[in-house]
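J.: Please build the complex by placing chains E and A on the supplied structure of chain D, with the hints as guidance.
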Amino acid sequence: MTAEFAEYTTGEPVVDTKAPGGPVGERWDTRRFEAKLVNPANRRKHTVIVVGTGLAGGSAGATLAEQGYHVVQFCYQDSPRRAHSIAAQGGINAAKNYRNDGDSIHRLFYDTVKGGDFRARESNVHRLAQISVEIIDQCVAQGVPFAREYGGLLDTRSFGGVQVSRTFYARGQTGQQLLLGAYQALSRQIAAGNIEMHPRTEMLDLIVVDGRARGIVARDLITGKIDTYYADAVVLASGGYGNVFYLSTNAMNSNATAIWRAHRRGAYFANPCFTQIHPTCIPRTGEHQSKLTLMSESLRNDGRIWVPKAKGDNRPANEIPEAERDYYLERIYPSFGNLVPRDIASRAAKNVCDEGRGVGPGGQGVYLDFADAIGRMGRGAVEAKYGNLFDMYQRITDEDPYEVPMRIYPAVHYTMGGLWVDYDLQTTVPGLFAIGEANFSDHGANRLGASALMQGLADGYFVLPSTINDYLARNPHHEKVDDEHPVVQEVLADTEDRLRLLLAVDGDRTPDSFHRELGELMWEFCGMARTDSGLRKALERIPQIREEFWRRIKVPGTGEEFNQSLEKANRIVDYLELAELMCLDALHRDESCGGHFREESQTPDGEAERRDEEFSYAAAWEFTETGEAPVLHKEDLVFEYVHPTQRSYA
Amino acid sequence: MKLTLRVWRQRNADADGAMSTYEVDDISADMSFLEMLDTLNEELILKGEDPVAFDHDCREGICGACSLVINGDAHGPERTTSCQLHMRSFEDGDTIDIEPWRASAFPVVKDLVVDRSAFDRIIQAGGYVTAPTGAAPEAHATPVPKPDADFAFEHAECIGCGACVAACPNGAAMLFTSAKINHLNVLPQGAPERETRVLDMVAQMDEEGFGGCTLAGECATACPKGIPLVSITGMNKEWLRATRKAGKR
Amino acid sequence: MTRTMWDSSVGKKTVMAASGLIMLGYLVVHMLGNLKIFFGSDEFNHYAHWLRTIGEPFLHYEWALWIIRVVLVAAVVAHAVSAYQLSRRDIRARPTKYVHKKPRASYATRTMRWGGIILGLFIVWHILDLTTGTVHPGGFQHGHPYQNVIDTFSTWYGNVIYIVAMLALGLHVRHGFWSAAQTLGVGSRTRDRAFKTIANVLALVLTAGFIAVPVGVMTGVVS
Numbered sequence: 001m002t003a004e005f006a007e008y009t010t011g012e013p014v015v016d017t018k019a020p021g022g023p024v025g026e027r028w029d030t031r032r033f034e035a036k037l038v039n040p041a042n043r044r045k046h047t048v049i050v051v052g053t054g055l056a057g058g059s060a061g062a063t064l065a066e067q068g069y070h071v072v073q074f075c076y077q078d079s080p081r082r083a084h085s086i087a088a089q090g091g092i093n094a095a096k097n098y099r100n101d102g103d104s105i106h107r108l109f110y111d112t113v114k115g116g117d118f119r120a121r122e123s124n125v126h127r128l129a130q131i132s133v134e135i136i137d138q139c140v141a142q143g144v145p146f147a148r149e150y151g152g153l154l155d156t157r158s159f160g161g162v163q164v165s166r167t168f169y170a171r172g173q174t175g176q177q178l179l180l181g182a183y184q185a186l187s188r189q190i191a192a193g194n195i196e197m198h199p200r201t202e203m204l205d206l207i208v209v210d211g212r213a214r215g216i217v218a219r220d221l222i223t224g225k226i227d228t229y230y231a232d233a234v235v236l237a238s239g240g241y242g243n244v245f246y247l248s249t250n251a252m253n254s255n256a257t258a259i260w261r262a263h264r265r266g267a268y269f270a271n272p273c274f275t276q277i278h279p280t281c282i283p284r285t286g287e288h289q290s291k292l293t294l295m296s297e298s299l300r301n302d303g304r305i306w307v308p309k310a311k312g313d314n315r316p317a318n319e320i321p322e323a324e325r326d327y328y329l330e331r332i333y334p335s336f337g338n339l340v341p342r343d344i345a346s347r348a349a350k351n352v353c354d355e356g357r358g359v360g361p362g363g364q365g366v367y368l369d370f371a372d373a374i375g376r377m378g379r380g381a382v383e384a385k386y387g388n389l390f391d392m393y394q395r396i397t398d399e400d401p402y403e404v405p406m407r408i409y410p411a412v413h414y415t416m417g418g419l420w421v422d423y424d425l426q427t428t429v430p431g432l433f434a435i436g437e438a439n440f441s442d443h444g445a446n447r448l449g450a451s452a453l454m455q456g457l458a459d460g461y462f463v464l465p466s467t468i469n470d471y472l473a474r475n476p477h478h479e480k481v482d483d484e485h486p487v488v489q490e491v492l493a494d495t496e497d498r499l500r501l502l503l504a505v506d507g508d509r510t511p512d513s514f515h516r517e518l519g520e521l522m523w524e525f526c527g528m529a530r531t532d533s534g535l536r537k538a539l540e541r542i543p544q545i546r547e548e549f550w551r552r553i554k555v556p557g558t559g560e561e562f563n564q565s566l567e568k569a570n571r572i573v574d575y576l577e578l579a580e581l582m583c584l585d586a587l588h589r590d591e592s593c594g595g596h597f598r599e600e601s602q603t604p605d606g607e608a609e610r611r612d613e614e615f616s617y618a619a620a621w622e623f624t625e626t627g628e629a630p631v632l633h634k635e636d637l638v639f640e641y642v643h644p645t646q647r648s649y650a
Numbered sequence: 001m002k003l004t005l006r007v008w009r010q011r012n013a014d015a016d017g018a019m020s021t022y023e024v025d026d027i028s029a030d031m032s033f034l035e036m037l038d039t040l041n042e043e044l045i046l047k048g049e050d051p052v053a054f055d056h057d058c059r060e061g062i063c064g065a066c067s068l069v070i071n072g073d074a075h076g077p078e079r080t081t082s083c084q085l086h087m088r089s090f091e092d093g094d095t096i097d098i099e100p101w102r103a104s105a106f107p108v109v110k111d112l113v114v115d116r117s118a119f120d121r122i123i124q125a126g127g128y129v130t131a132p133t134g135a136a137p138e139a140h141a142t143p144v145p146k147p148d149a150d151f152a153f154e155h156a157e158c159i160g161c162g163a164c165v166a167a168c169p170n171g172a173a174m175l176f177t178s179a180k181i182n183h184l185n186v187l188p189q190g191a192p193e194r195e196t197r198v199l200d201m202v203a204q205m206d207e208e209g210f211g212g213c214t215l216a217g218e219c220a221t222a223c224p225k226g227i228p229l230v231s232i233t234g235m236n237k238e239w240l241r242a243t244r245k246a247g248k249r
Numbered sequence: 001m002t003r004t005m006w007d008s009s010v011g012k013k014t015v016m017a018a019s020g021l022i023m024l025g026y027l028v029v030h031m032l033g034n035l036k037i038f039f040g041s042d043e044f045n046h047y048a049h050w051l052r053t054i055g056e057p058f059l060h061y062e063w064a065l066w067i068i069r070v071v072l073v074a075a076v077v078a079h080a081v082s083a084y085q086l087s088r089r090d091i092r093a094r095p096t097k098y099v100h101k102k103p104r105a106s107y108a109t110r111t112m113r114w115g116g117i118i119l120g121l122f123i124v125w126h127i128l129d130l131t132t133g134t135v136h137p138g139g140f141q142h143g144h145p146y147q148n149v150i151d152t153f154s155t156w157y158g159n160v161i162y163i164v165a166m167l168a169l170g171l172h173v174r175h176g177f178w179s180a181a182q183t184l185g186v187g188s189r190t191r192d193r194a195f196k197t198i199a200n201v202l203a204l205v206l207t208a209g210f211i212a213v214p215v216g217v218m219t220g221v222v223s
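Chains as they are written, first to last, in my numbering: chain D, 1 to 650; chain E, 1 to 249; chain A, 1 to 223.
No lab work stands behind these hints, which were simulated from the structure alone. Cβ coordinates follow ideal geometry from the N, Cα and C atoms, glycine included. Don't take every hint at face value.
[As the list claims (entries may be wrong)] Covered by chain D, according to a simulated footprint, are these stretches of chain E (three or more residues, beta-carbon under 8 Å):
1. 77 to 90
2. 116 to 125
3. 129 to 140
4. 182 to 190
The shape of chain D in the complex, shown without the other chains (with noise of 0.2 Å):
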């Protein structure tokens, strides 16, 4: 089985045509020129339709109507401000430079490629950098209530270990305010009728006629109708895929349904074993886990990150004397000590874990001890900068950290790969657009802390509704489709056809059984440190899964009502393919890089090894069938401006 799989052949290279040459700080501009227009009277005749009210969705969604288009909007919560994005805590980037700390575009793209350890493209990474300060200005006039200082002015922070003061930020609160400015302009054009929004819509597949983007077919989650709606162009703003791991720091309902459909009907899907382990996260408690809560990175400041020296230390944290403890973070990188990254963080983490000195129920976890941190500046200083995490912390596992060490350990927490897309953010299939975590395009192998909302609201608000344009005016009258096409037949066939068959199986297992299974290999063998031999392993075991599910699924009701049940075990389906992928992906880019570290390629002192010579390249990959060996596209990535060197913490 697993060889079959395995056996993944080479295409053609997979090259983006959008992008202009000439200096990078001019490509964006030159784009703009160069892209076609739509008279903005004819506007209003085009139909977009756009899946998923996040941060690029919800900004994507808005900005379409405001220029005149019309809307078609889904997302399946039960309103567009409850998308994923809301949950981001931390920041958003912006070069603004206000604190003439030495800021600049140029260092934001910078650190953002290095970030990614040059996994991503000069040119999209430079763009992103420069739209960074038109966010801020747009969120700003929206009402965004960021942080300010006493002068009036906006405050900043400095985040994820680099040394700028960049990062804008409202309280621990950011993707929230910045969502609901969003979800506010969206409600703006819903009101004005340039807005077709579709809440409690799922997504279940794309309609792709004559080789382009024609529609989709999404289920209403309330009635369930399956439904077909009609556009010009497709965006999907459906979020990363996190959730494959059963447990992460994803909402319970976010899933890979609209991305992995799209892929299935001929977008291409890029770097998939790219994903991000967040260092601190709260411990799981038990079997009954269903997700895991993230704890601000900037807890690093101040808490120092240790575990017992001897394994099996089963002793209360603050009965360990001094002398047995082992602040590994601070004796291995010396210089960044405990502020080292988050891909280094974690595997840190896991490596003394793994050794049996991992701390809490299981044995998976370390101490984030604060109290050097009270003995220096006080109860109170700490309590005025972390309270809110603290008491978050309090309530989910009833420690009281200002007297006992929190407990953290990482978890998936976004990733970075996604449906390939080119500059104008367009993937293989014309017509179908991706943006924000659902596409691949500028983090590279490893996100920096605070860059998710900057790139889903450039994506968002300002380059998909440039570069949209350009597709529209190219293609201006389609022929008209409709439920009678035969491609939609087939479509609608084969959706209601996989519903029917999850329906019919009437099994002994839940979905929620074989969501937990496939988490826990994925995390086993595809999390934070993956081997070729593991990798084998679960490449072998998840067509077997696959084919327990379509034999043992168990869905109770009916599909003409409302269904969690069956939404859950639908989102499954596609897991169990996505995952599969996940692990080809990783074991053939047989080399470390940001969050993706094979344990074949590490450094002398059990660093990352990049191998640029043969892995400087975006993965694309084809789908054929289920189970079937995918092809590989590579796009090559070039360095011009910022030259890949080797990352060290030590």
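T.: For chains E and A alone, coordinates are given in the frame of chain D:
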């Protein structure tokens, strides 16, 4: 621990509903309330019964999807969201009543799931600043005094869960509506639409069939984000001011 | 503007607050006037007569009183009609009760609605008893309010009705005054304690002041 659950079951919006009783065992104190319901649902599915439908998504207290009335309290006995409530707040042998939000503006969709689209329509009526993309001035062009920015933030924290409506004896949406009005009206960016915003949002709130305010204070007690009751006072003030100004025009 | 006021739930609440404050102001004066009964029949009856001559010679005899009566009736009607309409809306907005009952749930709402109804009925009785004399026990005499008051409070039911109504008034004012401040938008976090204190003092003083009269009659201090 072992618990008896009495859960509101209702097949769909048109069907009649009733409380059904279930027993759950082996509930750990570390479970969240929703994980306890997950456990019940796993058992129901295997028994071939319809699992209990409930809204939930982020499970970290910020998306506002979860919406359970637990023992008569919106979001249960602690001041937090249903998803952040943990089973250690209950004791072995307890009987727990779980009901949906009750308000005619929030019709039941199924079991514990209600339709809160009325909230979206209140926002659509004016809960925004008209600032089309690209039209924004430089962010530092207009300084905002820190106390105003903090005031705006405190009200912007609302997660739109609807606990205020569920807790209100009159099914009023005053706290929700006032939170957004206070957030935007205090900011210079929100000033040009200050009057129309409050008038239109209050009108829409009435239109949706929410009740009026008798200042019972239940909303502010139930609010997981601590939006204060004086938020409503602030909205009333804005409304009267806008009405006066509209009368002069 | 009038339409906006009356059509909106917030506007109607404003009408309630304003009419409530008018009545409250009247009650304070009324209560103070009542206390004159402790200075004997001459002074009390003289005071009652003076009420009819306020504003003379600019106003005709009793005109001022009628103006006050018209304003009060308008306030009572506006207060009652908006209360009725708002209550109807509130009940429609929450038709289904929770199965799990919470005792604390709606103290303010309940006491305001029932208290309002009790006070409405009381006002009708009070006017029929001591203004028109229609239901007055033992021969109502125009121009002799002192004796009329003593007659009323010489019956057990007169005392009961009056004292119950005044207790209801205290509760109503206690929540009502503070509510009016919120409705009119003058409440704030910093002023909240002040408004609550004023409300409590008003409620206490009004109730005590009004109840002093029947107590005085019962104990023979006034006879």
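J.: Indicate, hint by hint, whether the structure satisfies it.
T.: Structure-based check of each hint:
1. For the segment 77 to 90 of chain E, the proposed coverage by chain D is satisfied: 5 residues have a C-beta within less than 8 Å of a C-beta in that chain, meeting the threshold of three.
2. Requiring three or more residues with a Cβ within less than 8 Å of a Cβ of chain D, the coverage given for the segment 116 to 125 of chain E holds, as 7 such residues are present.
3. With 12 residues carrying a beta carbon less than 8 Å from a beta carbon of chain D, the segment 129 to 140 of chain E meets the three-residue requirement, and the given coverage holds.
4. Requiring three or more residues with a Cβ within less than 8 Å of a Cβ of chain D, the coverage given for the segment 182 to 190 of chain E holds, as 5 such residues are present.
Of the numbered hints listed earlier, not one is contradicted by the structure.
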